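> Both chains are sitting in their own frames, so use the hints and assemble them into the complex.
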Amino acid sequence: MDSDDDMHDANDVESVEDDDDDDEGFYSDEMGFDYYCSDDDADVDYVIEDDAEDFERIHSRRPENNYIVLKDSDIQQRQDDDITRVSTVLSISQDASGILLRHFNWSVSKVHEAWFADEERVRKMVGLLEELVVWFPNARELTCGICFESFPRGRIKSAACGHPFCSACWAGYISTSINDGPGCLLLRCPDPSCGAAVGQDMINSLASDEDKEKYSRYLHRSYIEDNKKTKWCPAPGCEYAVNFVGDNENYDVSCLCTYGFCWNCTEEAHRPVDCGTVAKWILKNSAESENMNWILANSKPCPKCKRPIEKNQGCMHMTCTPPCKFEFCWLCLGAWADHGERTGGFYACNRYEAAKQEGAYDEAERRREMAKNSLERYTHYYERWASNQTSRQKALADLHQMQTVHMEKLSETQSQPESQLKFITEAWQQIVECRRVLKWTYSYGYYLPEYEHAKRQFFEYLQGEAESGLERLHQCAEKELQQFLTADGPSKEFNDFRTKLAGLTRVTRNYFENLVRALENGLSDVDSQGTCSGTSSKSMAGTSKGKGGRGKGTSRTGGSSKNVDNVGAATPVVPILVRWLGSSSAHTQRERERERESSGNRKNNKRPSFQKLAELWIVGGVRVPKLSCVR
Amino acid sequence: MANSNLPRRIIKETQRLLSEPAPGISASPSEENMRYFNVMILGPSQSPYEGGVFKLELFLPEEYPMAPPKVRFLTKIYHPNIDKLGRICLDILKDKWSPALQIRTVLLSIQALLSAPNPDDPLSENIAKHWKTNETEAVETAKEWTRLYASGE
Ligand SMILES: [Zn+2]
Ligand SMILES: [Zn+2]
Ligand SMILES: [Zn+2]
Ligand SMILES: [Zn+2]
Ligand SMILES: [Zn+2]
Ligand SMILES: [Zn+2]
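Protein chains in written order, with our numbering: chain D, 1 to 631; chain U, 1001 to 1153.
Bound conformation, chain U alone (with noise of 0.2 Å):
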C-alpha cells in the first residue's frame, strides 16, 4: 500500500523523530498511513497553554517537501492565531515553507507560537479582539479553556 513506496526523506525523519522527539512533543505516524501523524504538544511553560496537553493532527502530502505538511489542532483552543477548527495561521505553514523545513520544526514553531500569540496576525477575529482590547481577561480565558478541553483526559 500507500507506504510501500514512501520517500528517504519521510523515513528518516520519522526514525529521528521518534528516537530524539523535541521537549515537549511527540509525533508519531499512523500505522496504516505513514504520512499522517499523531502530535502532541505540551503547553509551554510561563504561557496561559501551561500544564495543558494538545493534540494534533499533520499529514504529508504527496508533494511534501516541495509542499508543506497540513496541520491542525484536534484540541479546542483559545488562541488568537488558531480558529475553531484548529487551523493555524504560521508563514511556514504557508507562503514562507522551504522544502529544507521538516515536521521537527514545524512543530518547535507551533510550540513557540503558543508562547506567543500574535494578535496583530489573527485567524481568529473575536479572539484577536480580545486579546487586544483586555489581554488579562483573553489570557485568563485562555488558562480556562487549558483545563476545559487540555488537561489530558
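Extracted from the complex, chain D is given alone in its bound form (with noise of 0.2 Å):
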C-alpha cells in the first residue's frame, strides 16, 4: 500500500493544535464583551417607529432614551448609510469605502480622522492600493500564482495589486477564508507579499452562492459585533441589538424582546445597582451550592405540618395545601397573621436587622454571634434575592397570559372595550419591573457595610416600603383577579377592583422611584438632610424594632408618608392606597390554580436527596437559618 494513509495518521496525531481553530469556536470568542465606552459616533440620526408602541408605553418614563433598539433591516439600512456617507465624503468606491469602516471597527468619524490624516498610511494599512503592483502589458496568457496553469487575460482576476490569479483558485481562496471565520473580511491577495485588499465586490463576482451568503453574514455581525457602540441582545434566540447612545451612568436598555439587561455588563438590568455589586454577587451566588439554591429557592417545610411546600405564586403570602390551610409568610415562614408591627409591616418582611435582634429566645446570644456569620447573613438575602426572581418569572408569564389568554375574556365577561382594561396589564408590568428592581436591591443591601448605621436604615425603611408596595400589587393583580376571570357576566365589584388595581400601581410605582432614586444617590440624603434627621432617623429607629407605625394602612398616612416627603422623595402617597389597606387583607386562596400550575414551574428537577437535605440545612454544627425573620 502506499505511504499516504501513513502520513495522514501521523499528522492526525501529531499536529492536534493545528487543526482546533473551526469556525464556531472562532467566532464565539470574538463575541467577548467590551466594557468599554468610547463616545464616538453618537450621532442619531435614526429612530424606531412600527411595532414598538408597547416598548415606548412602558418605557416612557424613562427620562431620555439612550438607547435604540436595532431589528435586522436597521442594521442593514445604517451599516448600508455608514458606507454610503464614507463613500461620498472620501470620494472612494463603496465597496473601499466598506473595508474602510470594517478596519475602523464601523466608526465613520475614526474613518474620516485617520482618512485626512494620513490617506496615504491608511492606504498602506488597509490594502487599498492606487496603482498596479505588477503589470503585464502585452501578455496574452497569464500564468495562475496558485495553479500555475495558463489562462487566456480575460480568465485572470486579480485584486488592485494586478497579481493574477484564475477564478477558480479566487473561488478556492475565498472559499477557505470563508469557511476559517470573520477574518475572511479582511481578505487580502493571496500573494504573501502583497497586502491589497479582497473586498465584497470581489467576494460577489467569485464566490459561490453559499460563500457569498456567509460573507454577508459575516458582514452583517460585524457591523454590531465589531463596533463599541453596539451590541446583540443576549436573550436567548433574541436577533436584536441596541445601540448605545447615551453617555451618562444609566446603562439599563430594554430590548423589543421585553428583556431588559444592563448595556455596560450585559448581565440581566440592575439598576440601581452597580455593575460592580452585580458581579460580585452573581460570583457569590455561582460559588454556592448548586442544591443550597434549589433548596432555598424552591422548597420549604410547611412551618405547621412540615409537608414540603414549592411556591408557585407570586406573592409570598402561602397557603398550605388542605387539610392543613396553614397561612404563612414565604419568606420568613412565620404565621401571616403575625405580620403587621412586628415584621415592619403588614407585608413586609425585609427586615435582616429586624430578625436578628427580636430572635430574643434562648437562642438569642447565639443567633447574634451568628449575625457576624456571614452565611447567614448571605442567606438572608440570597433568599430574598431569588425569591424576587422567581415571582418575577411568574409574573413575566402571567402577563403575558393576560395578554394573549385572558383579556379577550375578560373584555367579553365585563362587556368592557380592551382598552378599558390596560390597567391589569400596566399592573402587571409594574409588579415585573418592581421585582426586578426589589431583586437586586438584595445584592445592594448585602454589599452595604454594617458600620453604615444610619444608610442601612434609610435603605431598609425605602425598601419595605417598597416591598409592602408591591406586595399588596402583586397580591391584589394575582388574586382578586381571580373571580372576575372564572365569572360569567359583568361583576358590580369591577370598578371598584379598577381603581385599587390602578391606584396600587401608582402608589406602588411611587414607592420604587423613591427607591431607585435613593440608592442611585448613594443613600446620600441621610447625610446631607440635618434636618430631616431629626424625624425621620427617629421613626425608623422605631421601627428598625419592629414598633413603628410602619403597619397598618391608618398610621402609614401620619408617618410613612411624612417620612417618604421628609427624606427628600417628593412623591406623596395618594389618599387611595389608606382607603384600600383595610381589605386588601380580603383575598380568596386558589388552591386548583396552584396545583395545575406547581408541574410546570420547577425550573431543575434534580431534586437533592434526604442526605444532601440535611447536610445542607446543617451546615458546621449550626442550623441554617431558615427563619430570619420574626416569629
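Hints are computed from structural coordinates only; laboratory data are not their basis. If you're wondering where the values come from, they're calculated on a predicted model, not measured in any experiment. There could be a bad hint or two in this list.
Taking lysine-lysine pairs in the DSS-like style, the calculated list, with each CA pair at most 25 Å apart, reads [unchecked claim]:
hint	chain 1	residue 1	chain 2	residue 2
1	U	1096	D	214
2	U	1096	D	124
3	D	492	D	455
4	D	157	U	1096
5	D	228	D	71
6	D	157	U	1055
7	D	325	D	479
Okay, structure coming up:
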C-alpha cells in the first residue's frame, strides 16, 4: 500500500493544535463583551417607530432614551448608510468604503479622522492600492499564481495589485477564508508579499452562492460585534441589537423582545445597583452549592405540618394545601397572622436587623454571634433575591397569559372594551419591573456595610415601603382578579377593583421611584439632610425594632408617607392607598390553580437527596437559619 | 493510483525543485506517493546546526495549495521552535499560509528558522527556557545534538 495513509495518521496524531480553530469556536470567542465605551459616533439619525408602541409605553417614564433597539433591517440600513457616507465624503468606491469601515470597527468618524490625517498611511494599512504592483502590458496569456496554469487574460482576475490568479483558484482561496471565520472580512491578495485588500465586490463576483451568503452574514454581524456602540441582545434566540448612545451612567436597556439588560456588563438589568456589585453577587451565588440554591429558591417545609412546600405563586403569602391550610410567610415561615408591626409592616418581611434583634429566645446570644456569620447574612439576602427572581418569572408568565388569553375573555364577560382593561396589564408590567428592582436591592443590601447605620436604616426603610407596596399590588393582581376571570357576567365590584388595582400600581411605582433614586444617590440624603435626621431617623429607629408606625394603613398616612417626604423624595402617597389597605387582606386562595401550576413551574428537577438536604440545612453544626425573620 | 490525477501545480513544483534546487535544500517525492516528499536541509553556516544534515518529511494534503503542507523533522534537533516529535512552529505553516506560497518557500523559511531560533515564540518550553537563561550553554547543546544525530550517517 502507499504511504499516503501512514502520513495522514501521523499528522492526525501529531498536529492536534493545527486544527483546533473551527469557525464556530473562533467566532464565539470574538463575541467577548466589551466594557469599554468610546464617545464616538454619537449621532443619532434614527428612530424606531413601528411595532415599538408597547415598548414606548412601558418605558415612557425614562427621562431620555439612551439607546436604540435595532432590528435586522435597521442594522442593514445603518450599515449601508455608513458605507455610503464614507464613500461620498472620501470620494472612494462603496467597496473601498466598506473595507475602511471594517478596519476602523465601523466608526465613521475614526475613518474620516485617520484618512484626512494621512491618507497614504491608511491606504497602505488597509490595502487600498492606487497603482498596480505588477503588470503585464503585452501578455496574451497569464499564469495563475496558485495553480500555475496559463489562461487567456480574460480569465485571470486580480485585486488592485494586479497579481494574476484564475477564477477557480480565487474561488478556492475565498472559500477557504470564509470557512475559517470572520477573518475573511479582512481578506488580502493571495500573494504573500502583497497586502491588497479583497472586498465584497470581488467576493460577490468570484465566490459560490453559499460563500457569498456566509460572507454577508459575517459582515452583518461585524457591524454589531466590532462596533463599540452596539451589542446583540443577550436574550436567547433574540436577534435584535442595541445601539447605546447615552453618556450617563444609566446602562439599563430594554430590548423589543422585552428582555432588559445592562448595556455595560450585559447581565440582566440591575438598576439601581451598580455593575460591580452585581458581578460580585453573581460570582458569590455561583460559588454556593447548587443544591442549596435549589432548596432555598424552591422548597421549604410547611412550618406547621412539615410537608415540603414549593412556591408557585408570585406573592409571599402562602397557604398550605388542605387539610392544613396554614397561612404563612414564604420568606420567614412565620404565621401570616403575625405579620404586621412586628415584621415591620403588614406585607414587609425585609428586615434582617429586626430579625436579628427580635430572636430573643434561648438562641438569642448565639444568633447574635451568628449574625456575624456571613452564611446567615448571605442566606437572608440570597433567599429574598431568589424569591423575587422567581416571582418575577412567574409575573412575566402571568403578564403574558393575561395578554394572550385573559384580556379578550375578560373584555367579554365584563362587557368592557380591551382598551378599558389596560390597567391590568399595566399593573402586571409594574409588578415585573418592581420585582426586578427589589431583587437587586437585596444584593445591594448585602454589600451595604454594617457600620453605615444610618444608611442601612434608611435603605431598609425605603426597601420595606417599596416591598410592602409591591406585595399588596401583586396579591391584588394575582388573587383578587381571579373572581372576575371565572365570572360568567359583569360584576358590580369590577369598577372598585379597577380603582384599587390602578391605585396600587401608582403607589407602588412611587415607592420604587423613591427607592431607585435614593440608591442611585448612594443614600446620600441620610448625610445631607440635617433637618430630616431628627424626625425620620427617629421613626426609622422605631421601625427597626419593629414597633414603629409602618404597619396598618391608618398609621401609614401620618407616619410613613410623611417620612417619605421628609427624606427628600417628593412623591406624595395618594389617599387611595389608605382606603384600600383595610380590605386588602380579604383575598381568596386558589388551591386548584396552584396544583395546576406547580407541575410546570420547576426550573431544576434535580431534587437533592434527603441526606444532602440534611447536610445543607446543618452547616458546620449550626442550623442554617430558615427563620431569619421574626416569629 | 493517487498519482495519476496529481494537480498540475504539484507536478510543476516538483519538476522545479528537482531541476533548480535551492542551495542547501533537497526535496524529492516518494515513488509510491507523489504528495510525500523526502527532504534534507543542511544546517546553515554560522548556526549551531552547521555541518548537520537534517531529514524532514513533507506531505501535501488533498486541499493543497489552499491548505499548507505538513512538515516535520525526522532528525532529532535541539531548537526552541521545534519539539521532540519534530513539529515546527512556523507561522506560514499555520495561519499565515497563502496558496501563493510553495514547497520551496516553506523549506527556505525552515532553513532560515535554523539560523534564527526564536525562543520568544517557543514550541518546546524547556529548550526555550534554556535558550533564554543561558544561550551559550543552549547553543553548545544544539551543536552537540547536531554532532550526535545529524552527522549524515
Ligand atoms: Zn489558478
Ligand atoms: Zn497582490
Ligand atoms: Zn432581545
Ligand atoms: Zn451592569
Ligand atoms: Zn401545612
Ligand atoms: Zn415574614
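> Each of the hints needs a verdict: does it hold here or not?
So, going through the hints one by one against the coordinates:
Taking the CA atoms of residue 1096 (chain U) and residue 214 (chain D), the gap is near 22 Å; set against the 25 Å cutoff, the hint holds. Restraint check for residue 1096 (chain U) and residue 124 (chain D): satisfied, since their Cα atoms lie roughly 19 Å apart, inside the 25 Å limit. Note on residue 492 (chain D) and residue 455 (chain D): the hinted pairing is violated, with a Cα-Cα distance of about 46 Å set against a maximum of 25 Å. A hinted pair counts as satisfied when its Cα atoms are at most 25 Å apart, and residue 157 (chain D) with residue 1096 (chain U) qualifies at roughly 22 Å.
A threshold of 25 Å between alpha carbons decides the hint, and for residue 228 (chain D) with residue 71 (chain D) the separation of about 18 Å falls inside it, so the pair holds. Using a Cα cut-off of 25 Å, the hinted pair residue 157 (chain D) and residue 1055 (chain U) is violated, with the two alpha carbons roughly 39 Å apart. A C-alpha spacing of about 16 Å is found between residue 325 (chain D) and residue 479 (chain D), which places the hinted pair at or below 25 Å, so the restraint holds.
Checked against the numbered hints given earlier, this structure breaks hints 3, 6; the rest are met.
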